[in-house]
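*Asks:* When you get a sec, could you build the whole thing from the sequences and use the hints?
Chains as they are written, first to last, in the UniProt record's numbering: chain A, 1 to 433; chain R, 1 to 433.
These aren't lab readings, by the way, just hints derived from the structure by calculation. Do not rely on the hints blindly, as some may be mistaken.
Below, in silico cross-link-like pairs of lysine-lysine (BS3-like), each with a Cα-Cα straight-line distance of 25 Å or less [as the list claims (entries may be wrong)]:
| # | chain 1 | residue 1 | chain 2 | residue 2 |
| --- | --- | --- | --- | --- |
| 1 | R | K245 | R | K65 |
| 2 | R | K227 | R | K150 |
| 3 | A | K227 | A | K43 |
| 4 | A | K23 | R | K43 |
| 5 | A | K23 | R | K413 |
| 6 | A | K150 | A | K43 |
| 7 | A | K430 | R | K287 |
| 8 | A | K65 | A | K177 |
| 9 | A | K55 | A | K43 |
| 10 | R | K43 | A | K227 |
| 11 | A | K43 | R | K23 |
| 12 | R | K65 | A | K342 |
| 13 | R | K150 | A | K342 |
| 14 | R | K177 | R | K150 |
| 15 | A | K413 | R | K55 |
| 16 | R | K43 | R | K23 |
| 17 | A | K227 | R | K227 |
Number of protein chains: 2
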Amino acid sequence: MPQFLDTTDAGFEDAFVALLGMKREDSPDVDAVVADIIADVRKRGDAAVLELTAKFDRMELTADKLRFSEAEIEEIIQQVSDEERAALELAAERIRAYHERQMPEDARWEDAAGASLGWRWSAVSAAGLYVPGGLASYPSSVLMNAIPAKVAGVERLAIVVPTPDGVANPLVLLAAKIAGVDEVYRIGGAQAVAALAYGTETIAPVDKITGPGNAFVAAAKRRVFGKVGIDMIAGPSEILVIADKHNDPDWIALDLMSQAEHDESAQSILITDDGDFGRAVADAVDKRLETLERRAIAGASWRDFGAVITVKDMEEAAALSDRIAPEHLELCVEDADALSEKVTHAGAIFIGGWTPEAIGDYVGGPNHVLPTARSARFSSGLSVMDFLKRTTLARMTPDALRAIGPAAERLAKSESLEAHGLSVRARLDKLNG
Amino acid sequence: MPQFLDTTDAGFEDAFVALLGMKREDSPDVDAVVADIIADVRKRGDAAVLELTAKFDRMELTADKLRFSEAEIEEIIQQVSDEERAALELAAERIRAYHERQMPEDARWEDAAGASLGWRWSAVSAAGLYVPGGLASYPSSVLMNAIPAKVAGVERLAIVVPTPDGVANPLVLLAAKIAGVDEVYRIGGAQAVAALAYGTETIAPVDKITGPGNAFVAAAKRRVFGKVGIDMIAGPSEILVIADKHNDPDWIALDLMSQAEHDESAQSILITDDGDFGRAVADAVDKRLETLERRAIAGASWRDFGAVITVKDMEEAAALSDRIAPEHLELCVEDADALSEKVTHAGAIFIGGWTPEAIGDYVGGPNHVLPTARSARFSSGLSVMDFLKRTTLARMTPDALRAIGPAAERLAKSESLEAHGLSVRARLDKLNG
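*Replies:* Written as structure tokens, this is what we have:
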């Protein structure tokens, strides 16, 4: 049973705050182990990576086998059905089209003082993408990480994906190929992150590492941050559905379950202005939980973290949504576009009943790597911007320096930075002398 | 004496790699202390902040005095001279004009499948800015942090600035006022970061914290990251000047010293295609070091981390520059614009001999908060983007769902996410039935 809350109840505010503050994830403290692994890879390079791969993935490799060869990839991807290939290609095409629109523009202008100012965007030279192995090895995530990198213009894009016992996921390899990935390595864990960040004899270092992973991977990304850039450390997935009574309760139930089935720590919340509808959705969830393949996972998530909140009206729904700042927000109401305008903090909004969140996981176009755990208050989903950086440009003329140099000199003096002031003064003296 | 390197020397590559890898900063490990402070502030709120302020800043306050009143601010800023005020206002105006151009645009379009896609930018609701106390309390940094936040549209912008022994910096308070800061608190250290992140009875929590600080502040920012957003953790400042012989060696010397005077760990590097010019600059530095107010600091930085590198030509200079990925890059060469085009990795470029880096610290317009320690390979200076986040939008129509839904269903099956597929299938069945 999920929680049933009603904003008109006396205890609502406390219950809602408790819901917001729920700790859904126990991250084991693996930092010491990860620190040792990173130090080992930095010191011994390939030899350390090979040993750790033998230990954790039960695979005896040699350095020349760390990377998948083109021939191997071609052979393995033959296992993918035509239908799956077509679906991946459609997804890739739509994701690419969406992300191409995100490319920011360079700028250069001259201002009133005669100074030429601007900025220039450029791609990181090399990026590494972590792809989990086993059950969480999602080809869709390969597309969602790799395509923005390639659209941004990353020249060298490497993937690391563990293949425990040597088992590779053909769809992951095909997704990598479709996305234009340049190198694929069959390694995982903290050792793979360390190899990407610091490089080994076989693996050249990268500048940025993205992609999801387990506690070891997350701890390793935190540790190498600074040496390289990283994307966000994602928490368990969440969905908030705001729905009125003019919806099929079963559709909404399935949308809620499509997050819950990811992880026992996932969270699915329904906000509705109709208590009866809320109960109907909960009943529909119970029915679906009888047969869903992942009912154990989805059921635990719904029981422990699920909630059905009844509100007075959609204004109130929008206000609660902003306090939740959900990763995924689905708006199944009559004027969904209007409601979406009232919401400020959300990773992604799915507007209207014909837009189940699952569309966004695969083929919608926008990225499915999104801020979790209320971080949509201050951060955004993955985009081409994560693989770009901006260089600011300034060029003074003698006139511009005459106009604004004295103010710089004055402020440098106020901050007791004499050489700053002198570097301006020397030029001003030349102009005046 | 700085290092003198020449790319034609046999040992150059090794020496250059050593230069790149130099460890310039010893960060004391204050993490355990900081963890305790944060836990204390979370638990006891104002009481903890007041106790810690009494201890570290030797100031006995009460909760109602944590925040500067308007009247206090007005009184203190009377100490600022007209000339200083005018300089700050000019700086603010130029920084504002530059950052206003950075505002990204929302987008919404319909694609061939009939899906409506797009994104929307919105500002972080509340941001906190850390301003160091004492010698490193720079009013220019207040402008550089606060103006982008206000341009982005941050509604509530709070500053924390320690005032050891009760001494406030009038220029910092005036800069805050000019930039439109809403609240100023006279607290600092890890306790101030904790108060901003978690809130106390007096201080409402914020969503994003930016600004420089000492080791305690940096450790606290790292710890609260996730609960709130943070900007980069900046390392000691750096400048790379690329100059040919057609420059006054003294100007270049002053530019190098304007970084060196910040910090003994700062780094100033000159690359030139003329060895004699390089030596002339080094001589000019020595001469300036005889009289500079901060000669002890600047001299130590130049001796320990300074370098003069002679290259064959400017192509080689650009290539080395990209390997350094400098925070500040100054191009004092004949066709400085052309050379700037050859450089990919730099935080900010100062183009031509009339653009000393110090202009950029104060009045140029671009931000002076820039990526250090080679992180310009993957990150950018502070901008309005740091105070904005993007929500992606997707709206399907029945036709769009018909067109792309089956691919989503197929991929969901491949990833063993049944409910994902069913949420699409239920709708497709309705359309078909």
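*Asks:* Decide, hint by hint, whether the structure agrees.
*Replies:* Hint by hint, here is what the structure shows:
no.	hint	verdict
1	R:K245 to R:K65	57 Å, violated
2	R:K227 to R:K150	22 Å, holds
3	A:K227 to A:K43	16 Å, holds
4	A:K23 to R:K43	17 Å, holds
5	A:K23 to R:K413	30 Å, violated
6	A:K150 to A:K43	31 Å, violated
7	A:K430 to R:K287	19 Å, holds
8	A:K65 to A:K177	19 Å, holds
9	A:K55 to A:K43	18 Å, holds
10	R:K43 to A:K227	34 Å, violated
11	A:K43 to R:K23	17 Å, holds
12	R:K65 to A:K342	37 Å, violated
13	R:K150 to A:K342	21 Å, holds
14	R:K177 to R:K150	12 Å, holds
15	A:K413 to R:K55	32 Å, violated
16	R:K43 to R:K23	37 Å, violated
17	A:K227 to R:K227	23 Å, holds
Going down the numbered hints, you'll see the structure goes against 1, 5, 6, 10, 12, 15, 16, while the others check out.
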